[in-house]
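Enquirer: One point on numbering: in this note's numbering, the residue at position 198 of the sequence shown is 198, and numbering is uninterrupted.
Please note that the accuracy of each hint is not assured.
Unchecked claim - 25 angstroms max Cα-Cα, derived SDA-like pairs, lysine to any residue:
| id | residue 1 | residue 2 |
| --- | --- | --- |
| 1 | K108 | G35 |
| 2 | K108 | L165 |
| 3 | K33 | D131 |
| 4 | K4 | L165 |
| 5 | K108 | S96 |
| 6 | K4 | E147 |
| 7 | K108 | D81 |
| 8 | K33 | K108 |
| 9 | K108 | L66 |
| 10 | K67 | E127 |
| 11 | K4 | L169 |
| 12 | K33 | L188 |
| 13 | K108 | P52 |
| 14 | K67 | R153 |
| 15 | K4 | G39 |
| 16 | K33 | L80 |
| 17 | K33 | A71 |
| 18 | K33 | G68 |
| 19 | K67 | V88 |
| 20 | K67 | K33 |
| 21 | K108 | T43 |
| 22 | K108 | V171 |
| 23 | K108 | D20 |
| 24 | K4 | P52 |
| 25 | K4 | I114 |
To be verified - Per label pair, the in silico range of CB-to-CB distance:
| id | residue 1 | residue 2 | range |
| --- | --- | --- | --- |
| 26 | A156 | L17 | 14 to 24 angstroms |
| 27 | I190 | R148 | 21 to 31 angstroms |
| 28 | H18 | L187 | 12 to 22 angstroms |
Please keep in mind that the hints were generated in silico from the structure rather than gathered at the bench. Predicted, not measured: the structure shown is a model, and the values here were computed from it. Where is the CB? At the ideal position from N, CA and C, for every residue including glycine.
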Amino acid sequence: MESKYDYVVFDIETTGLHPDSDQICEIAAIGVKDGLPQGTFSTLVAIEGAMPEAAGRVNGITDDMLKGAPAIGDALDAFLDFIGDDAVLAGHNIVSFDIPFVANAAAKSGRVFIYPYVIDTLEAARELWPDLPGRSMDSLRGILGIERTDAHRALADCYDELAVLNAELSVIMQSYARKMDYCRGELLRIAGEIAEEIGE
């Protein structure tokens, strides 16, 4: 099924930092159409064993919260159905973190996860603001004046990442507009010079 969204901002919470040995414990996404959220997806995911204490302190997810949560395969089925085929996936640090986790979990559970188009707000921040000392979500929220939501829960993080993405797109469009104005001015100048030469 073709994605019904222009792009999908997604985020996961995990039991650790390593896709090969750690597990996804929450998946969330926001489907965006014409710049506005048009749908949301959120599910906790059952894990094998107990939630590591360090991970629980970061994501706020407890073992009790995961009781009755779907297995990773079922959670991925629902997530993949939400994003649709050939979706443009967006998020913060998804190239290095979220996508490898989802791809690994999909492979282990016999699912197919295809991600041909990716927008990573971390990569964009590196291009737009190369002199920033830090580009974590907390840093970008502070710099861009974005109010912090329920940080480190997946759906709340999606909303924050969408706000950062919109800010980045605004900067890009402003830069594009300035360049277009400059090009327009140069074209008018050149056209004027040509007209003068023809007049002579």
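Enquirer: Run every hint past the structure and note whether it holds.
Expert: Cross-check of the supplied hints:
For a cut-off of 25 angstroms, the pair hint linking K108 to G35 is broken: about 34 angstroms separates their Cα positions. Restraint check: the Cα-Cα separation between K108 and L165 comes to about 31 angstroms, which exceeds 25 angstroms; the hinted pair is violated. Between the alpha carbons of K33 and D131 the distance comes to roughly 32 angstroms, so the proposed pair goes past 25 angstroms and is violated. Distance check on the hinted pair: K4 and L165 sit about 19 angstroms apart at the alpha-carbon level, within 25 angstroms; holds.
Between K108 and S96 the CA atoms are separated by roughly 19 angstroms; this keeps the pair inside 25 angstroms, and the hint holds. With a CA separation close to 29 angstroms, the supplied pair K4 and E147 exceeds the 25 angstroms bound. At most 25 angstroms may separate the alpha-carbon atoms for a hinted pair to count; K108 and D81 meet this at roughly 18 angstroms. Distance restraint check for K33 and K108: the Cα-Cα separation of roughly 32 angstroms exceeds the 25 angstroms cut-off, and the hinted pair is therefore not satisfied.
The hinted pair formed by K108 and L66 meets the criterion: a straight-line CA distance of about 20 angstroms does not exceed 25 angstroms. With a C-alpha separation of about 42 angstroms, the suggested pairing of K67 with E127 is violated against the 25 angstroms cut-off. For the hint linking K4 to L169, the alpha-carbon distance of about 21 angstroms falls within 25 angstroms, and the restraint holds. Taken as a hint, the K33 and L188 pair is broken in the structure, with Cα atoms around 37 angstroms apart against an allowance of 25 angstroms.
At most 25 angstroms may separate the alpha-carbon atoms for a hinted pair to count; K108 and P52 meet this at roughly 21 angstroms. In summary, the hint linking K67 to R153 is supported, as the alpha carbons are separated by about 17 angstroms, within the 25 angstroms threshold. Between K4 and G39, the direct Cα distance comes to roughly 10 angstroms. Compliance with the 25 angstroms bound is thereby established for this hinted pair. Between K33 and L80 the CA atoms are separated by roughly 17 angstroms; this keeps the pair inside 25 angstroms, and the hint holds.
Between K33 and A71 the CA atoms are separated by roughly 29 angstroms; this puts the pair beyond 25 angstroms, and the hint is violated. At roughly 32 angstroms between alpha-carbon atoms, K33 and G68 are farther apart than 25 angstroms, so this suggested pair is violated. Proposed proximity of K67 and V88 is contradicted: the alpha carbons are some 32 angstroms apart, above 25 angstroms. About 34 angstroms separates the Cα atoms of K67 and K33, which puts this hinted pair outside 25 angstroms; it is violated.
With a CA separation close to 19 angstroms, the supplied pair K108 and T43 stays within the 25 angstroms bound. The straight-line distance between the Cα atoms of K108 and V171 is roughly 40 angstroms, outside the 25 angstroms bound, and the hint therefore fails. Taking the CA atoms of K108 and D20, the gap is about 10 angstroms. The hint holds against a cut of 25 angstroms. Proposed proximity of K4 and P52 is contradicted: the alpha carbons are some 37 angstroms apart, above 25 angstroms.
Between the alpha carbons of K4 and I114 the distance comes to roughly 16 angstroms, so the proposed pair stays at or under 25 angstroms and holds. For the pair A156 and L17, the supplied restraint of 14 to 24 angstroms holds, since their beta-carbon distance comes to about 20 angstroms. Restraint check, I190 to R148: a C-beta distance of roughly 49 angstroms breaks the suggested window 21 to 31 angstroms. Between H18 and L187 the C-beta distance comes to about 53 angstroms, which lies outside the given range of 12 to 22 angstroms.
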